[in-house]
Structures are given as structure tokens and as C-alpha cells.
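Going line by line, the protein sequences match chains E and X. If you're matching positions, the first sequence starts at 1 in the working numbering and goes up one per residue. If you're matching positions, the second sequence starts at 1 in the working numbering and goes up one per residue.
Quick caveat, the hints were computed from the structure, so don't treat them as lab data. Backbone N, C-alpha and C fix where the C-beta goes; we use that ideal spot for every residue, glycine too. Accuracy of the hints is not assured; some may be wrong.
[To be verified] So, partial list: chain E residues that the calculated Cβ filter (under 10 angstroms) puts toward chain X: (1) 44; (2) 97; (3) 103; (4) 110; (5) 189.
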Amino acid sequence: METNVDLRKIWNKQKIETPKVEILYTKANKLKSRSFLKLIVVNIALLLTITFIGFIWYYYQPELVTTKIGIILTILATIIFLLPFNKQFSLLTKNKTEPNSKEYLQQLIKLKEIQVYEQNTMLSIYFIILSLGIGLYMFEYVSKMTITWGIITYAITILWFAINWFYLRPKAITKQNAKLNKLLVEFEKLNNQMND
Amino acid sequence: MNFETIYKTYWQKVFRLCMGYANDTDAAKDLAQETFIKVWKQLPKFRNESSIGTWIFRIASNTCLRQIQKDNKMPKSELPLDIKDQIIDTNIEKDIQFLYHCISELQEVERIIISLELEDMNQKEIAEIVGLSEGNVRVKIHRIKEKLTQKFKKNGN
């Protein structure tokens, strides 16, 4: 070593007892089953929604094509909402061999950027399709009501969509983006250190 | 190489790297543990594209670099209690503490590079782990060591 302070000697003085390997196995299995459970729960929720909507279709035998389109759009919206969740899993497990740190940081940045895009775009698409689906679905049943009740029903529904679109959606997006952007800034910072 | 041999051979080394990065015993243990969980999971896929050491240290450095993300996600209290009892280091010697302190004042990537260097990895291996050119690594190590030596001298060592 060219310096007169022997850093390596100091460094090697740090000794710690190696924890039992069994503890690691337990933790690993716990983590594994937990993330697997999350995936299952989400997909069961998706399946249940689709089954429920399918059941309505089968049981009430809608006559108008608008109702059927409405049902399909609602299912589509649910799938769109849950798609990014499943895809995230595959992005994380796809890596075969461990990349070097520079590549790794770039992958993380890319992943975060995809997430920001998905949250902004997908959430909006989800809201539009879902609103459209429900609106169309209702038409058949509302058309059987009196005009006044029909207008009231649609007015309430539209009000509810408006609250979602103008209040809840931007709020959800801002909250998610704040978290992701903070991470993005940190990863960019690390990435820049590589190029110093 | 089976996992338990790897675990026994590399735990200390990985722990020291994490300690260099985090300068906090509990955080370093968490990071080392996370590294080995990943090693355990990925070992069947490991095809000797690099030496096993390089591969493990890649996982360790990446785990450290991703730590910012984990901070929001995983509560620290998740460690089983009995790990705590196995630690003998409550009074780490002063000069080690000072070394960790100096390293913690460096940039994150520099912390990893110097920890690997102190762990006796050669510059080619460090370059492979971090993803920089060998020349770049050499320059960085030189700069970092100068900084550290300065600090030690100032401190009166």
C-alpha cells in the first residue's frame, strides 16, 4: 500500500460472528411466500370481479348491445388496473445473471420511469374505460325508468365520476409520483457518480 | 460450490462491504442478509460467467445501492431477535469506527469501490463489479485513498 496508514489492516479488524444459516432460510421462505400471496390475492380479486360481472350477464340476459359493451369495458378496466402489478413481478425476476452496478442502476431508473408512465397513463385510461363501461351498462336499465328518474340516476353517476376524475385521480397520481420521483432523483444521483 | 460453503466463506466479507456502505451495524446486517437471500435464490442459475466472488459482490453492491428504495418499504424491526444476540461488536475499536466514519463521508459509489479494494479485490474485479473501466477504477481508488489518508493524518493517527 502506498500510503503510510494501513487502511486494510484496520479494515480487516472488523469481525462479526456469522449468523446461523437457518435464520436466513426462514427469512427467505417467509419473504417468498409473502410476495406470492400478494400476487395470488390480487389475481383472485380480478377473477372474482370478472366472474361476478359474467354472472350478471348470464343471469339478467341483457338485450341491448350497449349493456354488453359496457360489461366488456368494465372487465377491461379491471384488467388494465391490475396489469402493471403482474408485470412488475416479471421485471424483477427476469434478470438472469446479476448485472454490474452501472447497468443495475440504469435498469432501476428505467423501471421507475416505466412505473411513472404507467401510473399516469394507465390510471387515466382505467378511469375513462370504467366510467364509459358503467355508463353504457346502465343505459338499458335506465331506459326502462321514467325520464325524471333516468336523469337523476345519470346525474348522480356523472357526479361520482367527476369527483373521481377531478379530485381522486390527480390526488392518487401526485402521491405516487412524489414517491417515485424521489427515488428516481436518488438513482440518477448514484448513476452520475459513475460518470464522474 | 454449495450455498452453505459460500455463506461461510463470504458472510464476513459481504458484511464488511455493507458496513462500509452503511456505517451502521444493524443496517449492514440487514443488507448482508438480503444479499445472501438473493444469492441463495439465484445460485441455481449461476453459470460461472464470472468468478463466484465477483458475482456475490455484484449482488452485494447492487443491494446496497438499492437501499434507498428499501428504506421506505421494509421496517428495520423485521430482523429476528436472536441475530442481535450474536453480535460481539458493540465496542468496535476506535480506528475501525473512524475508518467507517471517513468512508461514510464519501459518495455512495466511492464507498463501494474502496470497500472492495480494502477487501483485497483486484482492480479488474472491481471494474467488473461496478461496471467502470479499469483505468477509471484505478484513478478513483487513488483519489479515495488520498482523501482517507488525509483524514487519518488530521485526526492524528
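Okay, the hints, checked on the actual structure:
| no. | hint | result |
| --- | --- | --- |
| 1 | 44 | violated, 23 angstroms |
| 2 | 97 | holds, 6 angstroms |
| 3 | 103 | holds, 6 angstroms |
| 4 | 110 | violated, 14 angstroms |
| 5 | 189 | holds, 8 angstroms |
When each numbered hint is compared with the structure, violations occur for hints 1 and 4.
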